[in-house]
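J.: Residue numbers (my numbering), protein chains in the order written: chain A, 1 to 401; chain B, 1 to 370.
Everything labelled a hint here was simulated from the structure, so no lab data went into it. All C-beta atoms, glycine included, are put in the ideal place defined by N, C-alpha and C. One or more hints might be untrue.
The calculated lysine to aspartate or glutamate pairs, modelled on EDC-like cross-linking and capped at a C-alpha distance of 16 angstroms, are [as the list claims (entries may be wrong)]: (1) 224(A) / 306(A); (2) 144(B) / 155(A); (3) 224(A) / 155(A); (4) 20(A) / 54(A); (5) 311(A) / 42(A); (6) 144(B) / 54(A).
Not everything, but these chain A residues come out facing chain B in the computed CB check (under 7 angstroms) [what the hints assert, rightly or not]: (7) 137; (8) 145; (9) 148; (10) 149; (11) 152; (12) 171; (13) 173; (14) 201; (15) 204; (16) 207; (17) 208; (18) 211; (19) 363; (20) 364; (21) 372.
One side of the interface only, derived from the structure: several residues of chain B facing chain A at Cβ under 8 angstroms [stated by the list, open to error]: (22) 96; (23) 103; (24) 107; (25) 141.
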Amino acid sequence: MTISASQESTADQASEVQRKFGISVEDYMLPARRQIQMVAPDGTLKPHAEQGTEPGHEYPIPGDAELIAAYERLVVGRRVNDQNSALVRQGRMAVYPSSHGQEACQVAAAMCLSDGDWLFPTYRDAVAVMAKGVDPVQAMTIFRGDWHGGYDPQEHKVGIQCTPLTTQLLHAVGVAHAAKLRGEDTVVLAMCGDGATSEGDFHEALNFAAVFHLPVVFFVQNNKYAISVPLSHQSVAPSLAHKAVGYGMAGERVDGNDLVALLAVLDRAVKLAREGSGPLLVEANTYRMQAHTNADDDTRYRDNAEVSEWKAKDPLSRMDTYLRSRGLLDDDGAARIAEHAEAVATQLRDGLGEDVPVEPQNLFRYVFSAPTPQLREQSALLADELAREEAGKAAQKEAGK
Amino acid sequence: MSPTITTSSEANGNVSAATARAAASAAAAAEARGPQSITMAKALNTAMADAMRDDSSVLVFGEDVGRLGGVFRITDGLMDTFGEQRCFDTPLAESGIVGMAVGMAMNGMRPVIEMQFDAFAYPAFEQIVSHVAKMHNRTRGALKLPMVIRVPYAGGIGGVEHHCDSSESYYAHTAGLKVFTPATVADGYRMLREAIDSDDPVMFMEPKKLYWSKDQVDLEALAAEHTANRAAGSSSEGRAAVARSGTDATLIAYGPSVPTALAAAAAAAEEGRSLEVIDVRTIVPFDDDTVTASVRKTGRAVVIAEAHGFASVASEIVARVQERCFHQLAAPIRRVTGFDVPYPAPKLEHYYLPSVDRILDAVDDLQWEN
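One chain only, chain A, in its complex shape (with noise of 0.2 angstroms):
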């Protein structure tokens, strides 16, 4: 037996594909004509065959259980998006890249993953680490002035929202490679947008993800824009999941407005991940409603009238109708998860507007496990200084009384 099974095994890969899906591996690996699309953006129910799915490329809906408890996250990760945006107008963050218009697919790139299961995130994707159970306050402490990090990635089993672009990809494999290693069988999801797809590290991750046959989900959220570069000038690709064929991975696209659809090729490609299948490449079809940040002007690369067209598409109204028209939604349940939402906004204000006490001397504490004797002398030479700065305060005081 070998790690590196994938190019010996190109023709049992096949067979297996046969059996397992009656189709040829090159249609297992290219993605369905269509992209998945379960729910229409008016919220309805789409006729099965008009679904996108095809032989080997098939989609049940998911559950009752999972739709709500995904539909509540959902709700909760607009008002955290709308919350975290006001306080940086109010000047207590100094910056948040909003998913305003993404939250389906943060929603669903959680839901898909089991509790050991690891999640990488970009700085995008505060709202996916927060469905994955990271406290609020401290998925956006990264953006709160006094620390990179905010929480314990072992915890979580969630990296750190990771900011130079498609970098994350590859621990995600490191992590993968070293669950399969151990005999474990972890799945990792690692999330990226359609301008990384760009970068060297997306194209050693994938390839390495499918050399060593390892069980990650590559997802990436195509909301059009890398700040003002559109998708036309990152990549020609008939679509962004058909750059997976080139790696020996599965790929599929899926709307990325639809949580339905989204939890459904999620929830297979985790559980293909997981019974060996090996990576899989997901790309969701999405839009960033709202500027880079709010130091970007939007106006400058984009009309208003694309905006307004996506608007239409809306996750959220979406989903409300889809699920008031099953009856998996009423009023009182809508009530009840506004309330919860509100909850975690209120959580956000108070933990993000509290005029955090830094410590000085985590500067050095940290940069090793053990302090060198030259950041000893450094941590020394600051901790004098902010002594003299205090003894002068207090002798000022004196004289002033």
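Guided by the hints, dock chain B onto chain A, whose structure is given.
T.: Relative to the frame of chain A, chain B by itself:
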């Protein structure tokens, strides 16, 4: 999908089989006793093998490190001994190698990875600087990255372009990385074991021109010393060595420049000048105490390094010594470094590299008339 997927039981079975083979090879190695003529390559190889035998979370991977045993053969035999799960070749992508190692270190492994040559490590620079160096700080110690990035570095081997860079300054300048560089065969073993034991990431800079240097070394005794030190919680990390004692001036060198400094000291002795040679060993953390004690004693110093002198480790050492020893100095501290030019083609490298003569010229300039 593939039937060759590792299942839990297979994985465990494979690891135990590899462990059995490892035990057998340990028994074979135990037959040789006492000091032997050993190359640094062998010392490094044995250090990895011993670490892998002691700890099943130690993994070795990179380009050509498996079947071939590395282009310098430093990983020779590790795949056969420990199996393809613990020593393996990766796709040819350095950022991928380092980035995957970060994830493995996050998830309980201790990866020891090889960058094939100094200049081939540059594609991994972002992973090293933005993640390897910062993960511990970013997570306030929740995530440790116990990983070793081995970099065959520096020149003197007649290599073509991109095969002879002295890249240590880039890493030493990055907060959060430890930077080790052995200059002796025994340190090759000792320091690599300590780097693998370290809970912090270590850039392990291997002077490639010293790979085939030999010394009388008892690897078993070194292994026993390492085991005893580890049990006592002690380490030689952060300790410079006095490679040769002297009284008149101090030569401060590291890695590939240490043998050159020793040769200069031997030549100076014939002329009646007693030079002390300090082998820095670990650039980060730096041993200010040993270096300053020597310079305070001699009152004169020359810092020697192959890397370009401008904004270099050599410059940092000069600054540190000057700050601490100003009143004991009889002369300005001199540097003998590579020129500030791209590393030259093979037929020109002897003009570039610090030589015994250039070191002795610098020593002559240390204002002996004062």
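J.: Which hints, by number, does the structure contradict?
T.: 3, 6, 7, 8, 19 and 20
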